[in-house]
Amino acid sequence: MEQNKSKPIGKICIPGMRLCSANKERIGGPGTNVLQGYIYAALAGVLKTQEDEKNKVTVISVESPTTPSILPKPGDVVTAKVTVVNSRVVHCIILCVGPHLVRPYRGVLKKEDIKSTDKDRIDPYKCFRPGDVILAKVLPLTEIHWYHLTTAENELGVAIATAEGSPQGVNMVPISWSEMQCPKTLVKEPRKVARIVPDYFDQNQVISYTDAENESKPINDPK
Amino acid sequence: MPLDYRRFNGPDDSVSYKRFTPDFLKSYEELLGDLLEKNNLKDEQASDEAQRVFAETDTISQAKGSAYVEIKNTKVVCSVFDPREIPHQNEFSHLGQIYCEVKFAPFSCSSQRRPPAPDAEDKALSEALRQAIEPAVCRHLFPNYQIDVFAYIIENDGSCLAAAINAAGLALTDAAVPMYDLITASSMAILDDKMFVVPNEEEEELAMKSQESKDINHGVITLSMLSELSQITSFIQIGSLETDCVIKAMDILEKECKELVPNIQKVVVRNVIKNVKRQQILHESAKEMEEILDEKYNLWQKSLKAKSYLCFSLSFFSLLA
Amino acid sequence: MAGSLISQSEQVFIVHGVENDFRSDGRSSIDYRPMELETDVVSHASGSARLRLANTDILVGVKTEIDVPKPETPGLGKIEFFVDCSANATPEFEGRGGEQLANTISSTMQRAYYSPQAFNLKQLCIFEGKQCWKLYVDILILECGGNLCDAVSLAVKAALFNTRLPCVKAALMDGGNIDLQLSDDPYDSKQLDIGTAPLLVTLCKIGTKCVVDPSAEEERCSVISLVVGVTGNPNFYQTDDNVIPDIKCKCSTISMNGPGSLSPKTLKSAIEQGITAANCLDNALGDALLREKDEISYLKKHSYGFLK
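Protein chains in written order, with our numbering: chain L, 1 to 223; chain X, 224 to 544; chain W, 545 to 852.
Keep in mind the hints are simulated off the structure, nothing from the lab.
For each residue, glycine too, the CB sits at the ideal point set by N, CA and C.
Possibly wrong hints are sitting among the right ones.
To be verified - Computed, partial: chain W to chain X, Cβ under 7 Å:
#1 Q661
#2 Q667
#3 K812
All chains, full assembly: derive it from the sequences and hints.
Structure representation (structure tokens):
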């Protein structure tokens, strides 16, 4: 059934197409679903296979050329914009799930979930400001209409921020894990800074990277 | 029914002029005779029903996914939107919901103008459409949210539900909503021992109409299925049919739905190729832009370095002096 | 459908029970729960019936009104079904909560009664093209204990059996208008011919098997159910011996309810199972209605009132 079109496109899949059997070596990735021991395509798109070195499995996934209609899942890394900061929670709007732009969903970041250490002394005002663009991870769903997020990882936190009084478009530069500085006005402001991994948007890599990180001792966490 | 005062509603008691045409006054038998005669003519021209379906995706740019399906003269547009919050919901649900709305254009039917407000038939069709597409969607992927599916029937020439289901299935695929399988639907009108696959409006109406002679089979069946998984997602029958007849019709419709699958697949593949190409073009142009920016950046940095070197040497010389 | 909450282990228990053809209340897969039927319970309606099927409680009232027939069907009357899911049944029905369920049931009923072989609208004609009877069948769901469709269709058929249309004594033509004169005598009325009126049978797929008359808990365990509307046999509804040639039961409507799907094979066997069940049901209903009718003509000895 698979049509082998001109090379650059690859193998095209259609929902309901049986791709292969699911076993220890092959598991279904995004865009597929596993039914009765077989992996089926769930989206119309291009077949992608990816070897996972660590677990010795091949992940079979279907990549749609258009943005798939999906919602943030627990564990997904999302890009969000902070809208409200108060002493207990930070409200934000989710803009992207992984690499995909989505309809804006509401996200909530509780005070305890901002950092992994020193949880009692977190002050949200010293971590985020409205207008900041942050990277966060989705927590399991507990409420109906918003997603709980966490930034309690080194790679998560503020990605883009502008200092108070600085003109729009001049973004601050991180100078430590908890401070950013404006290159123009040289104003320093406290933030929960994300350590941006160069190739951030490859989700699988990020996850494996952070896992490895957690096992070894965190580098810039002050103990 | 409450009137919609924002629209011009027209006189209340107007009737279609067709009531006064000679066709209207024809008896059931005459109509049947006419129909059979017409069909005899038609049969001579090869009528492969599956070939009469025209489908296209991505017709509405504003929607996440959309499709346009034409079966005979029936024309349906369907659009699908991103998941959104379920209004007035206060209970946690692990499965997402699908909200369907089927609407007839006021000028879609031959007999009478459809009122703009949804009536009982619209609601029943919406419910039937939801029933048909719900099993095909991986609803566990969007808990507490709903996907909106809107089908608009522009012209109704029979088997409009089947057309709407086909369109909705394509639109969902186009919107990249995760699905278990492609969904296809077909319908049939039964009149005594005659079976009209994908009936037109005349055939459908006649099959539903009251019979003078008692006890013959008559009715309309619409069936939708997931062919790869061989599951029937909806089966709607109306009329009066013997069991054997229902089962025979079911077999034919099943075959019909399966024959429709390659057509739908073709449309989906075409859509994927189009989108992949579009994506490639976007990628290439993005790369070009990036290269240009990089070049500029390098140039700027070089000149900055030269400048700072100049400044440095200048200050060095001034110090010396 | 609406109703009770159920735990995972209860679900497993019910599914396993159905697999072994032994359901949680001791029935087999083709058994109905006990029913109570009473007709003529509402004095202001032309016909009424109350049906209690275990925990499901349905009250049906039929109101008759005079209307103008549709131009395309001058010789036919009209019948319309309205379902009201009372919030008494479950708090979920409050406000517009029961609307979707009500729409589903009423459209299924409308479809089932559509064919003239199921319910002949000709009997509702008064004066062709000018006036006809319109039956408003109002269905009230007072308690929800599963299997609403079947209970509703039984109650509706009973209520229609109980309906009396006043006899038209004379019609005066005055120009284009018609003046009807109805008889004053409440006993001077005619009955409807409802022998062929359809009954709905819900077949609930639990595990791999289909069961009839699911309880609310069983409905929770299943993702798909099939509703089959089957025309009745007029012989069950008359006492005198002039036997009408037996009419074969036919499907007047089939539809599916629920988020799941069915394989073609299951669907076929379920349709056949439904027709057998409907036939038995029709026979039992006919017996009960005839008995009830006798009692009414004797002046009812004991009346229960409709919420016992």
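Hint by hint, here is what the structure shows:
1. Q661: With Cβ-Cβ at 4 Å, under 7 Å, it holds.
2. Q667: violated, 12 Å
3. K812: holds, 6 Å
Going through the hint list in order, the structure does not satisfy hint 2, though it satisfies all others.
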